[in-house]
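Starting from the given sequences, assemble the full structure and let the hints guide the process.
Same order as they appear, the protein sequences are chains A and B. Heads up: the first sequence begins at 1 in my numbering, then just goes up one per residue. Heads up: the second sequence begins at 1 in my numbering, then just goes up one per residue.
What the hints contain is simulated information worked out from the structure, not anything from laboratory work. Be aware that a few hints might be false.
Claimed, not checked - Take a look, some chain A residues computed to stay more than 12 Å from chain B by CB distance: (1) 231; (2) 413; (3) 487; (4) 524; (5) 564; (6) 565; (7) 571; (8) 573.
To be verified - Coverage of chain B stretches by chain A, computed from C-beta distances (three or more under 8 Å per stretch; other residues unrestricted): (9) 38 to 51; (10) 61 to 71.
Stated by the list, open to error - Restraint ranges, calculated between C-beta atoms of paired labels, are given here: (11) B/80 <-> A/129: 48 to 54 Å; (12) A/168 <-> B/80: 37 to 43 Å; (13) B/27 <-> A/330: 47 to 53 Å; (14) B/86 <-> A/232: 52 to 58 Å; (15) A/424 <-> B/79: 42 to 48 Å; (16) A/545 <-> B/79: 38 to 44 Å; (17) B/27 <-> A/176: 24 to 30 Å; (18) B/80 <-> A/27: 17 to 23 Å; (19) B/50 <-> A/164: 25 to 31 Å.
The beta carbon of each residue, even a glycine, is placed where N, CA and C say it ideally should be.
What follows is each chain in one-letter form.
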Amino acid sequence: MNSLAMFLLPSRTLTHLSPADIVILLLYFAIVIFIGFYVKDSANTSEEFFLAGREMTAWIAGLSFVSANLGSLELMGWAGAAYQYGILATHWYWIGAIPAMLFLGIVMMPFYYISKTHSVPGYLQLRFGEGARAVSAVSFGFMTVLMSGVNMYAMALVMKVVLGWDINFSIWIGAFTVGLYVMLGGLRSAIINEVLQFILIWAGAALIPIVGLIEAGGWNNLKQQVAHNAGSSDYTHLWSTLGSFQGNPMGVHWTGIVFGLGFVISFGYWTTDFLVVQRVLSANNLRAARLAPIIGAAFKMAVPLIVIVPGLLAIAVLRNPDGSLMHLVPESAVAATGQHSFNEVLPLMLVRYCGPGLLGLGITALVAGFMSGMAGNVSAFSTVWTYDIYGAFIRKTATDKHYVFMGRISTVVGMLASVATAYLVMNAASIMDYVQALFSFFIAPLFGTVILGMLWKRATNAGGFWGLLTGTVASIGMWAWVHQDASALRYIALSPDAKPMAENLYRALWSWLVCVLVTVSVSFITKPKTDEQLAGLVYGATVLPIEAEMPIWHKPMFWAVVVATVFFILNLIFW
Amino acid sequence: MKEPIEHLHSQVTSSTVAAPDKKGRMRLSIWFFVGILCLIYGLILTPIGIYQLSHPPNIVLPNLHITLWWGLLMTAFGAFYTIRFRPGMA
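Written out as structure tokens, the structure is:
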């Protein structure tokens, strides 16, 4: 959005908060800050500050695992994406998350846990040496600050559009609150708040699909209304329209969804992004660490109800004051047309169904979602900065107390950098596409490096470093190519009809392949490590602990199979 | 830098998260926080919902009285978690 236009636009405030709404919102801010002060005394060592003392149960780690991801990306962006692309946006929750989360719990978690790493860059240091750690840590630090800025901007935008609040006020209030409770309590404070925020998000947002489906007359009637208003029945099919690039609203082929999203982006994000992996590393034992992503997957499958369904409902039921069908537009067209943008779907639906009291709860849910996203990014940034950049390259020997102090300082600095990013994001064409581009820059190549490191003993230090570096550079290069020459889209996304989101999927796939090919090639011409050096880090060189005798329903594998079965059934139902 | 101490099987088996009890304070469960906030919200929403029975808000489907129903639901949910995980019970 053009930032200047945004400030100059006349206020399009949707509603105003009643005193009860304000009390609800203030209570939320009070309790999250209270939690920060309450756990401050239990965040005195690096183990406590950065890993929450490794005391979390599977349920808490699992809910936190999902909640840390439930920021602006989920709430604002995907509701808008559902309005633009229909139910296809659900792929980012199901095939784009569930298989990867189960894979993390069943296959990868033992290596993260047994290797005794404190972070994903830390694992790369153990497996591939300092070079791979440096590339990973720097790119991750950069990405988390940008992501936190995206969350901040989205929250400020909601407050401006819905309540008319000044965008600067919202950014600084959000930054101050999150910065304070993460600085005081570290990961423990972030996790407790994330669980609380997860519950609040559901309490505030679940009303929209429930009341919306009542208004639409049920799911079948909603599908008919969407088909009528959108002029196509493609908006309510998950797979049947993906046979060609032109046959669906997203301009994507099923190969992009399955291999680009379902394999590279999804596995990259959910298994190697330290933002989410950090939550699982805080589990109090290996079984809890394996169970946490599976619990998270079960809840993740339900999130489309509060994000995708409102987007579809908006196509069917949103009306202008004169009774005509409301058409939402891209952010770039808002200034010219004065219409509402795709990203305003959720606030529009909230105002439609929620009166005083419930409106405050809904706004609180949105704020909670944004704050959990910010807190997740900032706490992960603080850990990676302190352990993998400052402690590894700047000051290698210092007291534990000093590193905790550095963790608190870097939390504040990271938050200030996020504020700066929030102002930069105002110039991005679309929040969603911006975030997706970031994913494919860093996450896809990182997944190539980590998965080869965990499953292939022959991968060497040099292979890991050069694979990660060339994959990341290739991804940025492809993005810059299309940015400069739009006709390059036909080569990157295999079709000139591809939309930006489809382009991101294929760019991720190619950068992952570049990473894997370079890693394998360089590994074959460099000296391999011995099994002794790889113990605890690689499949085939690690003795995995045998699970104690326990009832089958206590085993992570049992619940992984249950979640996978539900996942397949849901895909068939909405085929 | 000092590496964090690793625990494959931590001694901590509590289902709750709380600050250490260095000053003799009660340890508060994370679920207690969830319960108390939901309970307070429910107690705010329920009377508003009752008021809206006679003064319906300017929204779609005001006849559903969702503020009242949601308030009662949150009160029940919050009360359960507050009592179940009250200080001293976790």
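Against the structure, the hints come out as follows:
1. Against the 12 Å criterion, residue 231 of chain A stays outside the reach of chain B, whose nearest CB is about 24 Å from its own CB.
2. Interface exclusion of residue 413 of chain A from chain B stands, the closest Cβ pair being 19 Å apart, more than 12 Å.
3. For residue 487 of chain A, the condition that its CB be more than 12 Å from all CB atoms of chain B holds, with the nearest at approximately 46 Å.
4. Even its closest Cβ contact with chain B, about 32 Å, leaves residue 524 of chain A beyond 12 Å, as expected for a residue assigned away from the interface.
5. Non-interface status of residue 564 of chain A relative to chain B is upheld: no Cβ of that chain comes within 12 Å, the nearest being about 26 Å off.
6. Every CB of chain B lies more than 12 Å from the CB of residue 565 of chain A, the least distance being 27 Å, so the non-interface label holds.
7. Every CB of chain B is more than 12 Å from the CB of residue 571 of chain A (nearest about 31 Å), matching its label as outside the interface.
8. Under the 12 Å C-beta cut-off, the non-interface status given to residue 573 of chain A relative to chain B holds; the minimum distance is some 27 Å.
9. Coverage of a stretch by a chain is defined here by at least three residues with a beta carbon nearer than 8 Å to that chain's beta carbons; for the region 38 to 51 of chain B and chain A the count is 7, and the condition holds.
10. Under the rule that three or more residues need a Cβ within less than 8 Å of chain A, the assignment of the region 61 to 71 of chain B holds, with 7 such residues.
11. Between residue 80 of chain B and residue 129 of chain A the C-beta distance comes to about 52 Å, which sits within the given range of 48 to 54 Å.
12. With their beta carbons about 41 Å apart, residue 168 of chain A and residue 80 of chain B fall inside the hinted range of 37 to 43 Å.
13. Checked against the hint of 47 to 53 Å, the pair residue 27 of chain B and residue 330 of chain A passes, with Cβ atoms roughly 50 Å apart.
14. For the pair residue 86 of chain B and residue 232 of chain A, the supplied restraint of 52 to 58 Å holds, since their beta-carbon distance comes to about 54 Å.
15. As the Cβ distance of residue 424 of chain A to residue 79 of chain B is approximately 45 Å, the hint placing it in 42 to 48 Å holds.
16. Separation of residue 545 of chain A from residue 79 of chain B is about 41 Å and conforms to the stated range, judged on CB atoms against 38 to 44 Å.
17. For residue 27 of chain B and residue 176 of chain A, the hinted distance range of 24 to 30 Å is satisfied, since their beta carbons lie about 28 Å from each other.
18. Look at residue 80 of chain B against residue 27 of chain A: about 19 Å separates their beta carbons, and that is inside 17 to 23 Å.
19. About 29 Å separates the C-beta atoms of residue 50 of chain B and residue 164 of chain A, a value consistent with the hinted range of 25 to 31 Å.
When held up to the earlier numbered hints, the structure conflicts with none and fits them all.
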